[in-house]
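Q: Whole structure, please, built from the sequences with the hints as guidance.
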Amino acid sequence: MARTEHAPNPIQELHDLETRLQALRDELRALEKECCSLREQRRQLIQSLEGQLDLFRDQMSLSEQLLKEVRHGSSATRY
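Each residue of the sequence shown is one higher than the one before, starting from 1 at the first, in the UniProt record's numbering.
If a hint is listed, it holds; no wrong ones were tucked in.
Pairwise CB distance ranges (calculated):
1. Ser61 / Cys36: 36 to 44 Å
2. Gly73 / Gln47: 38 to 46 Å
3. Glu34 / Asp58: 32 to 40 Å
4. Ile11 / Arg42: 40 to 48 Å
5. Leu31 / Gln52: 28 to 36 Å
6. Leu21 / Arg57: 48 to 56 Å
Keep in mind the hints are simulated off the structure, nothing from the lab. In this text, a Cβ means the ideal position worked out from N, Cα and C, and glycines have one as well.
A: Below you can see the structure in the form of structure tokens.
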């Protein structure tokens with residue numbers, strides 16, 4: 001008698017697929033959570049950089065004003 005391959009049990013195969021699907025869903029949720037966290041970090045970094053840029057621009061403006069006063073011999077200084 002020839003040896004035949006054991007046919008996979010359809011119920012077990014379905015169970016294995018459902019288990020794999022659940023694992024993939026769990027992985028997807030974890031990745032989505034990580035993406036949200038990274039987006040929030042990016043938003044905070046951009047906001048911080050924008051604030052630093054505003055401060056830099058203010059300092060540049062003040063420096064330009066002081067240079068103008070020095071060049072024109074103005075004795076009045078603003079603080």
